[in-house]
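Letter by letter, the chains look like this.
2 protein chains.
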Amino acid sequence: MTGTGDDPGGTARGGPQPRYGGRPTMKDVAARAGVGLKTVSRVVNGEPGVTQDTERRVRDAIAALGFRRNDSARILRKGRTASVGLVLEDLADPFYAPLNRAVEEVARAHGALLINGSSAEDADRERELALAFCARRVDGLIVIPAGDDHRYLEPEMAAGIATVFADRPAGRISADAVLSDSFGGAREGVAHLIAHGHRRIGFLGDRPRIHTAAERLRGYRAAMAGAGLPVDERWVSLGPTGPERVRAEAERLLTGPEPVTALFTGNNRVTVTAVRVIAGLPRPVALVGFDDLELADLLSPGITVIAQDPARLGRTAAELLFRRLEGAGDAPRRVELPTRLIPRGSGELPPVTG
Amino acid sequence: MTGTGDDPGGTARGGPQPRYGGRPTMKDVAARAGVGLKTVSRVVNGEPGVTQDTERRVRDAIAALGFRRNDSARILRKGRTASVGLVLEDLADPFYAPLNRAVEEVARAHGALLINGSSAEDADRERELALAFCARRVDGLIVIPAGDDHRYLEPEMAAGIATVFADRPAGRISADAVLSDSFGGAREGVAHLIAHGHRRIGFLGDRPRIHTAAERLRGYRAAMAGAGLPVDERWVSLGPTGPERVRAEAERLLTGPEPVTALFTGNNRVTVTAVRVIAGLPRPVALVGFDDLELADLLSPGITVIAQDPARLGRTAAELLFRRLEGAGDAPRRVELPTRLIPRGSGELPPVTG
DNA sequence: ACCCGGGCTGACAACGTTGTCCAGGCTCTA
DNA sequence: TAGAGCCTGGACAACGTTGTCAGCCCGGGT
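Sequence lines, in order, name chains Y and Z. FYI, the UniProt record's numbering numbers position 158 of the first sequence as 158, with every residue one higher than the one before it. FYI, the UniProt record's numbering numbers position 73 of the second sequence as 73, with every residue one higher than the one before it.
Just so you know, the hints here were simulated from the structure itself, not pulled from any lab data. One should not assume that every hint holds.
For chains that are exact copies, the list does not tell them apart, and a pair is met inside one copy or across any two.
Listed next, the in silico SDA-like pairs over lysine to any residue satisfying Cα-Cα at most 20 Å (straight line) [claimed, not checked]:
| hint | residue 1 | residue 2 |
| --- | --- | --- |
| 1 | K78 | T316 |
| 2 | K78 | G22 |
| 3 | K78 | R209 |
| 4 | K38 | A135 |
| 5 | K78 | R218 |
| 6 | K27 | K78 |
| 7 | K27 | A64 |
| 8 | K27 | A135 |
| 9 | K38 | G66 |
| 10 | K78 | V50 |
Sequences and hints are given; from them, build the entire structure.
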């Protein structure tokens with residue numbers, strides 16, 4: 001009898017089930033409560049000017065129908081979406097995940113939802129995501145750049161979508177950016193190795209078109225130059241950070257007639273691979289890595305790192321974003337957050353050859 | 001002189017700039033191109049029935065005004081949002097981050113965006129997030145439950161929002177769920193310790209109202225019972241997984257007159273803390289942990305774990321979700337994914353007392 | 001008896017898009 | 001040359017909500 005086939009009501013009890021396919025609307029609630037449309041709107045939004053009795057009737061109707069306000073319509077009408085978009089490289093990366101979470105917390109504190117996506121270090125995909133978020137009319141956008149040309153965002157920013165870049169600066173446009181001090185951090189890390197007696201230090205980093213990678217390389221060179229040490233270009237390896245390439249490069253640097261006695265690794269993925277390679281060698285190799293790692297203190301030796309604070313990076317970027325949304329209209333700002341050297345053993349090993 | 005000629009190009013120069021506050025709309029584009037509104041819509045959506053010449057005029061106008069379709073309006077009109085919501089415990093948790101990413105990838109393959117949020121293991125916050133996503137009219141919802149009563153989602157599900165639960169089953173409603181075999185995994189892990197000679201095995205887990213925690217405890221008891229071993233209730237510690245409590249409990253189990261010789265830890269956070277405690281002890285303590293850890297193989301001894309595959313969990317849940325969205329209407333399904341024991345050393349240590 | 005003010009309420013337009021439907025002009029055929 | 005049929009383009013309503021504004025009712029002041 002209650003066939004699912006031609007019975008429109010389907011789910012609930014009897015009563016005036018509205019509109020076959022969809023959900024009840026304020027109009028339906030109004031009809032059931034015997035009030036006007038706008039009165040329902042007032043109740044739903046907690047606006048004043050509704051008597052207790054009317055409000056009760058409306059609330060009963062809402063409960064009976066299972067009404068929930070359609071935010072799409074609300075957004076269309078009001079123009080603000082109370083949502084921010086975040087484009088990052090990889091949601092699953094242990095460096096970006098805390099950043100993601102920090103942005104979420106700030107958004108939440110401002111009553112906004114978070115839409116996010118991974119660019120997979122692909123400029124086209126970054127663009128595609130950012131523009132999709134803009135089409136959804138996010139109020140603001142935080143971008144961790146994969147590409148190096150962000151002019152495509154100019155119309156959106158001009159149209160009022162606040163945009164903050166994080167971890168890396170924007171390319172070819174002027175915009176807010178929140179960065180870590182990659183140059184200073186790398187310089188400090190390499191200087192630390194030099195201070196422990198190393199002269200032949202390898203650098204394993206990401207492709208130099210990535211801003212942070214270029215900065216870290218610059219820091220490496222600055223530290224070497226500052227100590228009056230030459231850099232053999234064969235000690236420098238830049239490229240994709242997949243385990244295979246990094247493994248091969250690490251092995252190349254650490255074997256052969258004149259191996260390096262220490263490695264500086266440019267980010268967490270590279271560090272992990274390098275640690276695995278070193279673990280397979282008979283002699284100890286000093287290592288300092290950029291980015292902290294969970295459990296880094298439990299290895300023997302512990303891994304000495306230049307730690308960034310990804311959560312702080314995200315929080316700072318999000319706070320700047322919301323300040324912009326609240327009207328701060330001064331010139332684009334560039335915030336640089338400090339890094340911190342955490343000595344744990346691997347960076348304090350003396351040079352060993354052979 | 002390029003083709004754009006003297007026309008106001010990108011952002012904002014002269015020209016018929018419409019509507020002071022906002023962005024250009026299809027109406028503005030239509031006016032500028034000298035065509036009807038619907039023709040613009042057709043061009044934007046790649047619908048047939050527009051001559052090349054007209055299309056060019058429209059595209060020029062779009063470029064000149066910096067028009068981008070407002071997806072809020074589109075969503076309102078079409079009823080589908082091409083977005084899915086994901087409620088999980090913590091975006092930054094190394095277990096959930098890959099799950100998040102996997103859901104994103106599947107959503108992307110289906111042309112949908114992802115909205116997500118962290119419940120922080122709080123039932124109210126889970127509810128708040130899920131309902132906020134519903135108000136945005138996500139097409140589907142993936143929930144990693146924090147609470148144990150999901151009846152609040154019934155109206156939404158009845159109204160057509162497909163919902164899949166992941167990692168833990170729904171409470172008090174019937175719904176799709178994708179789980180790991182917590183019971184079997186824990187039983188196997190504890191049996192592994194027993195097989196290596198342990199008789200006094202401690203269990204450090206999360207609050208038992210969390211389904212996975214209860215299942216893992218059940219697995220522990222089953223393994224002990226299966227070997228005919230008694231369980232001293234002082235060996236079992238359930239509660240919040242903050243480092244302080246876990247540290248105190250681990251120390252309690254491992255010291256005193258009759259300490260346990262091995263630990264089974266109920267999730268990645270607990271494992272990490274337990275490893276730190278053990279590292280501070282003079283004698284070796286065998287350990288098997290639920291959930292894999294990055295670098296677990298590099299510790300000495302390596303950490304033996306029961307590995308789940310969080311990415312697969314997310315992928316499976318998302319695929320099931322989209323199957324539902326494409327119309328699969330059969331009864332709620334419960335998928336259980338296997339776990340895998342990865343022996344690395346810590347689980348193979350013999351019992352040592354003292 | 002009349003008017004005024006304030007508190008409630010509802011009718012209506014608007015947000016920007018898409019689906020429906022019809023008009024006009026063209027080509028093709030008889 | 002007229003009629004049929006196709007192609008292109010536009011007018012209009014609808015999606016569900018909120019802002020504006022006007023109307024109603026009631027009590028109190030004149």
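Hint-by-hint comparison with the structure:
no.: 1; hint: K78 / T316; verdict: neither (28 Å within a copy, 37 Å between copies)
no.: 2; hint: K78 / G22; verdict: between (23 Å within a copy, 12 Å between copies)
no.: 3; hint: K78 / R209; verdict: neither (41 Å within a copy, 42 Å between copies)
no.: 4; hint: K38 / A135; verdict: between (29 Å within a copy, 19 Å between copies)
no.: 5; hint: K78 / R218; verdict: neither (48 Å within a copy, 52 Å between copies)
no.: 6; hint: K27 / K78; verdict: both (19 Å within a copy, 19 Å between copies)
no.: 7; hint: K27 / A64; verdict: within (14 Å within a copy, 40 Å between copies)
no.: 8; hint: K27 / A135; verdict: between (28 Å within a copy, 17 Å between copies)
no.: 9; hint: K38 / G66; verdict: within (18 Å within a copy, 35 Å between copies)
no.: 10; hint: K78 / V50; verdict: neither (22 Å within a copy, 33 Å between copies)
In summary, the numbered hints that this structure violates are 1, 3, 5, 10.
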